[in-house]
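Enquirer: In order, the protein sequence lines correspond to chains C and Y.
Mind the numbering: the first sequence is residues 1 to 397 in the working numbering, read in order.
Mind the numbering: the second sequence is residues 1 to 285 in the working numbering, read in order.
Among the hints, a few may not be true.
List time: in silico SDA-like cross-link candidates among lysine to any residue, alpha-carbon distance up to 25 angstroms [unchecked claim]:
1. C:Lys87 <-> Y:Tyr128
2. C:Lys47 <-> C:Lys78
3. C:Lys171 <-> Y:Pro152
4. C:Lys303 <-> C:Asn85
5. C:Lys396 <-> Y:Leu75
6. C:Lys258 <-> Y:Ala149
7. C:Lys100 <-> Y:Tyr246
8. C:Lys258 <-> Y:Gly132
9. C:Lys171 <-> Y:Gly132
10. C:Lys396 <-> Y:Gly68
11. C:Lys288 <-> C:His173
12. C:Lys227 <-> C:Pro214
13. C:Lys396 <-> Y:Leu64
14. C:Lys227 <-> C:Lys378
15. C:Lys396 <-> Y:Gly132
16. C:Lys42 <-> C:Gly81
17. C:Lys396 <-> C:Ala231
18. C:Lys396 <-> Y:Val69
19. C:Lys258 <-> Y:Ser150
Please keep in mind that the hints were generated in silico from the structure rather than gathered at the bench.
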Amino acid sequence: MRRIGAVLSAALLALAVAGCGSTGGGGGGASGKFTAPDVPMKKSVGKGEGEVDILAWPGYAEDGSNDPKVDWVTPFEKQTGCQANVKYFGTSDEAINLMKSGGYDVVSASGDATLRLIASGQVAPVNTDLVANYKDVQPFLKDRAWNSVNGQMYGVPHGWGANLLMWRTDKVHPAPDSWGAVFAKSSPYAGHITAYDSPIYIADAALYLMKTKPSLGIKDPYALDQKQLDAAVGLLKVQRAQVSEYWSDYLKEVQAFKTGDSVIGTTWQVIASLARSEHAPVKAVLPKEGATGWSDTWMVSAKSKHPNCAYKWMNYIVSPQANADVAEYFGEAPANAKSCKLTSDKSFCATYHAGDAAFANRIHYWTTPIKQCLDGRKDTTCTDYSQWTQAWTEVKG
Amino acid sequence: MSVAAALHRRPRLRLGLLLAPPMLWLGVAYLAALAALLVTAFWTANSFTGEVERTWSLENFRELFGIGVYKTVTLRTIGIAALVTVVDAAIAFPIALYMAKVASPRAQRLLVVAVLMPLWASYLVKAYAWRGMLAEGGLIDWIGKPFHASSPGFGVTATILTLAYLWLPYMILPVYAGLERLPTSLLEASSDLGAGPATTLRRVVVPMAMPAVVAGAIFTFSLSLGDYIAVTIVGGANQMLGTVVYANVGAAGNLPFAAAVAMVPVVIMLLFLAAVRRTGALESL
Chain C
1 MRRIGAVLSA
11 ALLALAVAGC
21 GSTGGGGGGA
31 SGKFTAPDVP
41 MKKSVGKGEG
51 EVDILAWPGY
61 AEDGSNDPKV
71 DWVTPFEKQT
81 GCQANVKYFG
91 TSDEAINLMK
101 SGGYDVVSAS
111 GDATLRLIAS
121 GQVAPVNTDL
131 VANYKDVQPF
141 LKDRAWNSVN
151 GQMYGVPHGW
161 GANLLMWRTD
171 KVHPAPDSWG
181 AVFAKSSPYA
191 GHITAYDSPI
201 YIADAALYLM
211 KTKPSLGIKD
221 PYALDQKQLD
231 AAVGLLKVQR
241 AQVSEYWSDY
251 LKEVQAFKTG
261 DSVIGTTWQV
271 IASLARSEHA
281 PVKAVLPKEG
291 ATGWSDTWMV
301 SAKSKHPNCA
311 YKWMNYIVSP
321 QANADVAEYF
331 GEAPANAKSC
341 KLTSDKSFCA
351 TYHAGDAAFA
361 NRIHYWTTPI
371 KQCLDGRKDT
381 TCTDYSQWTQ
391 AWTEVKG
Chain Y
1 MSVAAALHRR
11 PRLRLGLLLA
21 PPMLWLGVAY
31 LAALAALLVT
41 AFWTANSFTG
51 EVERTWSLEN
61 FRELFGIGVY
71 KTVTLRTIGI
81 AALVTVVDAA
91 IAFPIALYMA
101 KVASPRAQRL
111 LVVAVLMPLW
121 ASYLVKAYAW
131 RGMLAEGGLI
141 DWIGKPFHAS
151 SPGFGVTATI
161 LTLAYLWLPY
171 MILPVYAGLE
181 RLPTSLLEAS
191 SDLGAGPATT
201 LRRVVVPMAM
211 PAVVAGAIFT
221 FSLSLGDYIA
231 VTIVGGANQM
241 LGTVVYANVG
251 AAGNLPFAAA
261 VAMVPVVIML
271 LFLAAVRRTG
281 ALESL
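Please model the entire structure based on the sequences and the hints provided.
Expert: Pasting the structure below:
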């Protein structure tokens with residue numbers, strides 16, 4: 001939203017973020033050179049407090065209630081004596097708001113939430129020496145722009161993956177292999193298309209334009225100047241006329257695909273798996289244009305009431321077995337290098353390119369768009385997240 | 001000197017003490033909250049961290065009136081609320097008339113219970129039930145099949161249907177109460193003077209029941225105006241004022257702008273109530 005005061009302060013902050021200014025690699029987010037609020041870091045982990053409040057993406061902390069076979073929270077509770085209270089969120093914005101409301105110890109934050117959490121002082125730096133399993137985390141996930149500031153880690157990497165295209169195999173012919181299937185002008189599936197309900201979804205449209213309309217000059221779907229944003233919004237407005245509903249509640253998407261109210265749209269692997277387990281004939285694929293995606297980090301709240309249990313949880317969830325379980329259930333590459341030997345499907349890590357740093361760099365990870373163009377352009381200003389939020393409201397109409 | 005005796009001698013003090021708690025409740029919990037909302041609307045939120053910045057500005061309102069999408073959403077919301085009210089009035093009037101003037105006292109009691117019954121079930125259960133019915137291959141599709149009709153799908157129509165169902169009791173009860181007060185002798189007099197049932201309905205019953213209908217309309221209109229749950233469940237991709245407020249509080253973290261948007265239904269309701277006052281319906285609430 002364009003408010004002069006807010007924009008000014010955002011610009012100031014972004015200026016601080018850009019700081020030394022020269023590092024602006026694709027998908028890497030802002031350079032990690034801004035001074036984060038001074039929040040003390042934990043020096044040692046003592047006895048557990050008996051419980052821990054976890055804020056997580058759906059499928060990240062399963063206790064067997066969705067599927068009795070899928071349970072890694074109960075072993076954690078038995079091992080540590082920390083009773084886990086889990087709350088799932090649907091979008092990064094929701095996660096940030098819930099963190100602000102307080103009452104949560106750890107959060108699984110994506111790249112479009114991490115810097116905002118750090119800048120607003122909601123999360124504390126993480127003492128990685130206290131997280132024994134941190135040493136096994138893939139090196140290409142450590143000290144990245146979205147999870148560290150000035151070489152100080154603000155969390156423990158969890159895993160990464162891509163947003164997929166899902167469709168009903170009985171209703172959609174031929175099988176799609178391009179995002180064009182959801183952005184086409186007069187799609188045969190009009191009225192049954194679904195999309196993710198968050199401003200960050202604009203990046204999906206930008207990515208499609210990046211591949212199909214080179215004349216726009218989009219280099220990074222999170223670094224859009226006004227003209228490029230307008231083009232993406234135009235594409236989304238075409239799509240809007242054919243959308244049945246936007247989803248942020250993953251269970252609602254599962255239901256919509258089961259009934260056939262939605263037959264094609266963006267999804268996560270975990271949603272596709274859930275829908276299939278409920279006998280919906282769906283398939284999900286990574287389209288040829290590539291995809292937006294996420295790289296998630298477990299962060300600890302600055303106001304945590306159960307910091308010891310929070311550290312125990314972070315250490316547990318990136319331990320080889322638990323990280324393998326959650327990665328296989330959610331459908332993402334695990335952060336822990338040792339997890340690959342422990343997945344039930346031995347080719348899992350190969351499928352998800354878990355150890356493949358080059359592949360990981362090709363996914364366009366969710367990043368908060370800011371005024372300073374993340375693709376390194378100096379001659380123009382880019383649109384920031386508040387403008388994306390505004391644009392998203394206009395798309396929905 | 002006992003407290004009781006002191007209070008007995010000072011009736012004003014007695015009255016003051018008696019009225020203080022409800023007045024405090026009204027003042028602090030209700031009016032102060034409304035005032036806080038109004039004040040917040042003039043602040044701004046930092047676009048990066050979402051922290052509220054307490055500097056005065058009219059930017060939220062400028063944005064609210066300057067950007068076309070909010071006008072669209074406001075008009076859609078008013079349209080939905082108005083249609084829900086019309087649908088409810090059309091359904092509620094015959095039911096209330098039957099309850100008040102035709103049914104036996106026993107049937108009357110049963111009907112009142114039947115009308116109130118849906119209020120015992122959770123709002124969410126009812127809204128999700130409508131989602132199931134309106135879904136592809138759901139109950140409405142199934143019933144419509146022999147007639148080559150299909151469910152309207154999720155969207156504005158579905159929202160109007162669901163809200164009209166949810167708020168129907170709030171329309172029936174005031175209309176029923178209003179019609180019950182209508183003396184039967186008036187209906188007899190009308191027929192003695194040669195008016196047929198249709199004329200009696202048009203010239204006697206409807207004008208006298210109008211304030212009660214308007215009273216019911218206050219409920220259905222204001223409840224629809226603020227709704228954001230039904231529209232997220234059955235409204236497809238459509239937004240209403242409530243969802244814009246919710247998105248700004250819950251997702252974008254822009255509390256000040258949400259407060260500014262929340263002022264819109266307040267203003268619409270004030271205008272609506274001012275119009276209603278002229279019909280005298282407020283006296284029959």
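Enquirer: Would you check the hint for Lys171 of chain C and Gly132 of chain Y, treating anything up to 25 angstroms between C-alpha atoms as holding?
Expert: Distance of about 20 angstroms is within 25 angstroms: holds.
Enquirer: Mind checking the alpha carbons of Lys258 of chain C and Ser150 of chain Y for me, to see if they're no more than 25 angstroms apart?
Expert: The hint holds at about 18 angstroms.
Enquirer: Mind checking the alpha carbons of Lys396 of chain C and Gly68 of chain Y for me, to see if they're no more than 25 angstroms apart?
Expert: holds, 12 angstroms
Enquirer: CA of Lys396 of chain C to CA of Ala231 of chain C, is that 25 angstroms or under?
Expert: Holds, at about 15 angstroms.
Enquirer: Can you confirm whether the C-alpha distance between Lys171 of chain C and Pro152 of chain Y stays at or below 25 angstroms?
Expert: At roughly 19 angstroms apart (the allowed maximum being 25 angstroms), Pro152 of chain Y and Lys171 of chain C satisfy the hint.
Enquirer: Decide if the proposed pair is consistent with the structure: Lys87 of chain C and Tyr128 of chain Y, CA atoms, cutoff 25 angstroms inclusive.
Expert: Holds. Lys87 of chain C to Tyr128 of chain Y sits at ~22 angstroms (cutoff 25 angstroms).
Enquirer: Given the proposed pairing of Lys396 of chain C with Val69 of chain Y, does the C-alpha separation stay at or below 25 angstroms?
Expert: Within the cut-off at roughly 9 angstroms; holds.
Enquirer: Can the restraint linking Lys227 of chain C and Pro214 of chain C be considered satisfied, given a maximum Cα separation of 25 angstroms?
Expert: holds, 13 angstroms
Enquirer: Do the alpha carbons of Lys396 of chain C and Leu75 of chain Y lie within 25 angstroms of each other, as the hint requires?
Expert: holds, 15 angstroms
Enquirer: Does Lys288 of chain C pair with His173 of chain C here, judged by a C-alpha cut-off of 25 angstroms?
Expert: holds, 17 angstroms
Enquirer: Holds or violated: Lys396 of chain C with Leu64 of chain Y, Cα cutoff 25 angstroms?
Expert: Measuring from Cα to Cα gives roughly 16 angstroms; hence the hint holds.
Enquirer: With a cut-off of 25 angstroms on the C-alpha distance, tell me whether Lys258 of chain C and Ala149 of chain Y pass.
Expert: Holds. Lys258 of chain C to Ala149 of chain Y sits at ~22 angstroms (cutoff 25 angstroms).
In terms of the numbered hints stated before, the structure departs from none.
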